[in-house]
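What follows is each chain in one-letter form.
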Amino acid sequence: MYMDRETLRKLELLNQLRLTEEQKHGVLRFFEERAADEALLDAVDTAEVKPMVHVMPIMTVVREDIVSQPFSREDLQREAPETDEGYWCVPRVVE
Amino acid sequence: MRYETVIGLEVHIGLSTNSKVFCSCSAESYGAEPNVHVCPACCGMPGMLPVVNRRMVDFGMKAGMMLNCHINRVTTFDKKSYYYPDLPASYQTTQWFAPIAVNGFMEIETSSGKKRVRIKQIHMEEDAGKLVHDIREDTTHIDFNRSSVPLIEIVSQPDLSSAEEVEAYLDRLNILLRFAKVSECEMAHGTMRCDVNLSVRPEGSDKLGVRTEMKNMNSIEAIKRAIEYETARHIDAIENGAEVLIQETRRWDDLTGKSYAMRDKETAGDYRYFPDPNVMPVVIDDAWYNSVKDSLPEFPEVKKKRYIDELGLSDYDADQLVRSIALCECFESAYSVCSSAKDAVNWMTSEVMSELNARDMTYDMLSLNGEALGRLILLVSDGEVGRANGRKILSAMFDDGNIDPKTYAEQNDMIVSHDTDLIEQTVRTIVASNQKAVADYKNGKEKALMSLFGQCMRELKGNCDPQTLKTILTEYIASL
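Residue numbers (numbering that gives the first Met the number 0), protein chains in the order written: chain A, 0 to 94; chain B, 0 to 479.
One chain only, chain B, in its complex shape (with noise of 0.2 Å):
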């Protein structure tokens, strides 16, 4: 028998505010000294009353505009119940019944084509405290840097059916995600989670099979791994008998390559979802509204489509752009300064990314002065500064945002000369001294040439025309 595979997912995307949901500490917890960003109402201290952070609602709001959702102009929170050492207050301040946003669609591509996702709903809510249970034998460790940091749960309907499909859709919500600016989407630094909700039918049937839920997949790769074993699992059990399928809490164990259950899968009643009583409804008023809708981005592919047809790029080059809004930004500010779109891409996709790799830095941190970069892409074209000395300047224009290209050029010495006494000077002098390399041009070895050439411009230290340099040693060497 053939079967298939139907996945839903639940991502937790870790918002990129200032501060925390209902309170104004820090919402940085990566890397911080253990409890340095907390206060009393984010430690769930008894009579702390929260206050809803505007910008997380901003970001709610554009998350679901991004994937096509009806945005609820009043949305709620909910208090969701659970017992445990990393949730101080004993629940969770969460949304159930009035979400910020619902019923939306994301489109999708794999190798078997375009796919429409439902997006069921986008809820708002607050992170967790974090324990560390490797310290000490006898206890627990808790830090509450991370409680109450601004999370929305995207939660999709189960219309997807492969890892393949399951990696298409991550890709694309993290592209979106970061164009809007709403999130870094980084599964390292737990700003992206998601956990899979799985189960398998014979090919064909409407009924949907037991579901497990899996957890604690750190990379998409560990994902797609933690699919594929899933269903594998479900339908050994299935066709032999192996075990009976409960619905059921799992936790991906990415070195064993196994999932191990992990609890009950808990029912909505479990968690005793009702209103907060501390936090009035948040409506969201046409000015409001309409604030956000208009700070969208163009969409990716829109953006594309215009490099190609108003800008002339080539397919390749606007796809490589769009992976990140910040390469996008600093291209459309270097263009807006030289204009020429060929330039500025051929600049962004060598030497910003090449920077950026030797720097071990993303995309999205990208945050080069655009216009800056526009002007040291039209100091190279117009020969003022060597192509070498260019990269130089980039390089030093990543380390310090305030660089003006030329004012750097000028007084690290790297404008072009146009002295050709001084070009022809040194072209004698290193002929001189190379008898050898001159005798072997002359033979027809091509490459002593280039020596004599390269060992001229480093000479000049970079500033020189290459076709004058070329021309004058060319013509020197024949009339010897």
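Bound conformation, chain A alone (with noise of 0.2 Å):
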């Protein structure tokens, strides 16, 4: 793990957040002491072992490929600030 101003810079941007000074270098702080301790996991050595992609040793569900349709379009919109002829309505965004 790496962190430096630069780049929570771009992670500020990308998260709108604005960090006072005090705030980020609380952060820099935080992700320094993190790189240390993960530096210890250096000491193990995991050549022989396997990857895992998930930490529980678990597996999704599948479903069969079945239409079915609960929820009518009323339904999902009834709480929405504003419709149009059956569509969702946002302010405009500019392409």
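FYI, nobody ran anything at the bench for these hints, they're computed from the structure.
One or more of the hints may lead you astray.
Below, a sample of chain B positions facing chain A; criterion: calculated Cβ distance under 10 Å [what the hints assert, rightly or not]:
1. 18
2. 27
3. 35
4. 44
5. 82
6. 87
7. 132
8. 135
9. 268
10. 279
11. 280
Pulled a few chain B residues facing chain A out of the computed Cβ check, cut under 10 Å [as the list claims (entries may be wrong)]:
12. 38
13. 80
14. 131
15. 274
16. 476
17. 478
18. 479
Where is the CB? At the ideal position from N, CA and C, for every residue including glycine.
Dock chain to chain to rebuild the complex, using the hints, since each chain is given by itself in its own frame.
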């Protein structure tokens, strides 16, 4: 794990956050400490360990490809702030 | 200096499932009323949990096998974050860390010969909703019918180098996936969409140039034009410094024939991929894997060779059939009944294809009962029904898949008459009222005989053996 001021600036932008200088310092220190913790794991020999894909030894269930439509449009749009001709409406987004 | 274009493709394929990826809403979004195939899950409402559609995994595996990929027997789903109104959950469920298929290849053929194009990976994912901007000026309207419709994205390595190769790649991909019945692959319906990653470098260089990604091409022709335009733009920038090339996503405008900057190219970090905790790993055991493997179709070129070697079809006729699995299946069923590959292919490439064209149907839309077609071919080849009436029966069979050709012919007075008295009587009547044509024929005008023949055949409603009619007609005229 690696965190520097540039990465933090990018994450702020992506997450639409505004961190104070003190908060930024705290985040950087936090990641620095975690990096030190992770470095401890380097002592473990994992050469023969198969990478895991999930923390739990379970798999998903699958369903058959059968159509059902238990909800109506009216049900789903009842709480919508604005609808028009069956569409949901949002403030115009410019492409 | 000479340059070479380096192209990699990302092709999105809409899968032919009945229901969506993670919910049981209908996956049919094309042409439907807005928001009629929606539920809390595909509208991204909080707390909804996804349940994987087994057939989507079948199709992902099938596509991977058709493209010679390694199938990941433990495949996982991940969240790809982006914030836009067409994606109500603010993330797309896709595959990043363990996609369904990796490391494949596909052979293409162009005027320069054969080429192997490497497939980097195939991943399964959900489609986004559709935004409509032109209903009202102040709002964007959203239709979630398409939200969570299953897709696969097929990512090639940058092994393509021209518009011709890209066309060959897409054409081959289209045929293979339609053969496997994974997708209809219709660009016009949005079930095949292609993004082009392109860069240009001096010929012989092993260093890649600045790469741009182009979107919004809706046809093969548009893709070819976009590649030619973008290649020229890159070369102009390199040689003349017309502009500074940057890694970005560009939108193709087919009306102006130009590409326009859309946004800076995102990197994986921008999407903050992480394993989707709501979807557990999909584990494909041997039984599942083998059932999909066993369902793979015979590859088009294998089928073509068999048609030529074993059934004696011409190269041209075999080529015509292997454009579509539906044509092949219909042909093979018809042949199994009529036992004449030549008759069966003639009917397929003439009458059946004409009927499809007349109805503005693609080859894959053919749902004709092949065995019934075989019985129709026998009726015509045995002389029980005339060819013209055979065509009429075929048309009726397109309208109604339950029609039995013989029953239909009997009910509609289409069975060829072997009653020579009736034929002789008809010939006498037609000849009596067409004395000029008779005189013309006797004076050497062969066409006049054809006119008389045609009138007799019409009078007999086509239900007459042509050779018998011709013999009776010529003999009768000679006797006058």
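Cross-check of the supplied hints:
no. : hint : verdict
1   : 18   : holds, 5 Å
2   : 27   : holds, 9 Å
3   : 35   : holds, 6 Å
4   : 44   : holds, 8 Å
5   : 82   : holds, 9 Å
6   : 87   : holds, 9 Å
7   : 132  : holds, 7 Å
8   : 135  : holds, 7 Å
9   : 268  : holds, 8 Å
10  : 279  : holds, 4 Å
11  : 280  : holds, 5 Å
12  : 38   : holds, 5 Å
13  : 80   : holds, 8 Å
14  : 131  : holds, 7 Å
15  : 274  : holds, 7 Å
16  : 476  : violated, 67 Å
17  : 478  : violated, 71 Å
18  : 479  : violated, 71 Å
In this structure, the earlier hints numbered 16, 17, 18 are contradicted, and the remaining ones agree with it.
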